[in-house]
Amino acid sequence: MNPTTTAIRSGLARGRIELRQTFTTPQDLWGYLFPTVVLLVVMLVMRGSTIPGTDFSRGTMTLPSVLGVSVAFGGLVNLMQYLTVEREDGTLLRAKATPGGMLGYLVGKVVTVSGMVLVSVAITLIPGMFLFEGLALNTAGAWLTLAWVLAIGLVATMPIGAVFGSLFSNPRNMGIVMLPVMGLVAASGIFYPITGLPEWLQFIVQIFPIYWLGLGMRSALLPDDMALVEIGESWRHLETVGVLSLWAILGLIIAPIVLRRMARRESGSSVAERREKAMQRIA
Numbered sequence: 001m002n003p004t005t006t007a008i009r010s011g012l013a014r015g016r017i018e019l020r021q022t023f024t025t026p027q028d029l030w031g032y033l034f035p036t037v038v039l040l041v042v043m044l045v046m047r048g049s050t051i052p053g054t055d056f057s058r059g060t061m062t063l064p065s066v067l068g069v070s071v072a073f074g075g076l077v078n079l080m081q082y083l084t085v086e087r088e089d090g091t092l093l094r095a096k097a098t099p100g101g102m103l104g105y106l107v108g109k110v111v112t113v114s115g116m117v118l119v120s121v122a123i124t125l126i127p128g129m130f131l132f133e134g135l136a137l138n139t140a141g142a143w144l145t146l147a148w149v150l151a152i153g154l155v156a157t158m159p160i161g162a163v164f165g166s167l168f169s170n171p172r173n174m175g176i177v178m179l180p181v182m183g184l185v186a187a188s189g190i191f192y193p194i195t196g197l198p199e200w201l202q203f204i205v206q207i208f209p210i211y212w213l214g215l216g217m218r219s220a221l222l223p224d225d226m227a228l229v230e231i232g233e234s235w236r237h238l239e240t241v242g243v244l245s246l247w248a249i250l251g252l253i254i255a256p257i258v259l260r261r262m263a264r265r266e267s268g269s270s271v272a273e274r275r276e277k278a279m280q281r282i283a
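If you read the sequence shown in the numbering used here, its first letter stands for residue 1, the second for the next number, and so on.
For the record, the hints were derived by calculation from the structure and aren't laboratory data.
Hints are supplied without guarantee of correctness; some may be wrong.
[As the list claims (entries may be wrong)] Taking CB as the label site, the calculated pair distances span: (1) N138 x K96: 46 to 56 Å; (2) T98 x T139: 44 to 54 Å; (3) P198 x F34: 12 to 22 Å; (4) L228 x Q21: 37 to 47 Å; (5) M129 x R265: 41 to 51 Å; (6) A142 x G242: 20 to 30 Å; (7) V38 x T139: 25 to 35 Å; (8) T6 x D55: 24 to 34 Å; (9) F191 x R265: 37 to 47 Å; (10) R264 x F191: 35 to 45 Å; (11) L167 x V45: 32 to 42 Å; (12) A186 x V41: 16 to 26 Å; (13) L131 x K96: 38 to 48 Å.
Ideal placement from N, C-alpha and C gives every residue a C-beta, glycine not left out.
Start from the sequences and build out the full structure, keeping to the hints where you can.
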């Protein structure tokens with residue numbers, strides 16, 4: 001059998017096993033449920049207020065935006081965390097030592113992270129459909145839009161997550177990335193229409209995928225007339241596809257280069273050194 005095919009099949013199996021394990025590990029279950037419950041409570045509190053200039057519930061409009069953040073956050077941060085932690089504990093070194101191991105490892109992580117994102121979206125969307133009025137998911141077109149936004153969003157964010165994960169050998173340094181990401185989330189129109197922000201900030205936010213994922217989700221889940229509160233009074237599907245595709249292409253070009261360089265630097269001595277430093281911090 002072709003070695004590449006073998007590695008891919010191994011990665012797919014590994015990803016399915018890791019994904020199943022997240023449903024039986026209390027810490028992972030907490031990671032699924034706690035943010036969902038907190039966000040649903042926040043949106044329920046916001047349900048009584050309306051978007052300026054409309055009678056549409058702010059809570060209902062926030063729901064699809066939160067789903068967009070779940071895709072961006074999951075694709076970027078989850079893969080970054082996996083690579084950083086498993087680089088420190090030697091998992092990546094063991095994958096490197098196996099023929100086709102790095103390809104299988106990355107395929108497995110893509111399956112695991114994609115599955116985790118889909119589960120996170122589902123456990124927010126399903127109760128949200130019953131808790132919030134005004135969602136427009138009664139057409140095939142809405143579900144189709146939801147599907148392509150999810151797909152292109154994962155392709156746009158996971159390679160960038162892999163790049164950042166390759167750059168950090170210490171999981172405790174990931175705050176360097178997390179703080180800017182949280183700032184982008186706050187400024188990307190998740191809880192308030194972006195049109196209420198200064199124009200210079202609107203321009204900056206539109207460079208990054210978080211805003212476009214939120215916009216794409218809103219276009220799938222909200223009535224067409226809610227596009228009036230967006231920039232250009234339009235859902236801007238072509239622009240959404242264009243920006244997310246550019247991020248996907250950029251990530252797919254850079255990620256393999258960075259990952260290969262990271263794998264070449266991995267050795268038993270580097271893993272032992274990181275473990276020793278970790279033990280010293282604990283002590």
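Enumerated hints in conflict with the structure, sorted upward: The structure conflicts with hints 3, 8, although it agrees with all the remaining ones.
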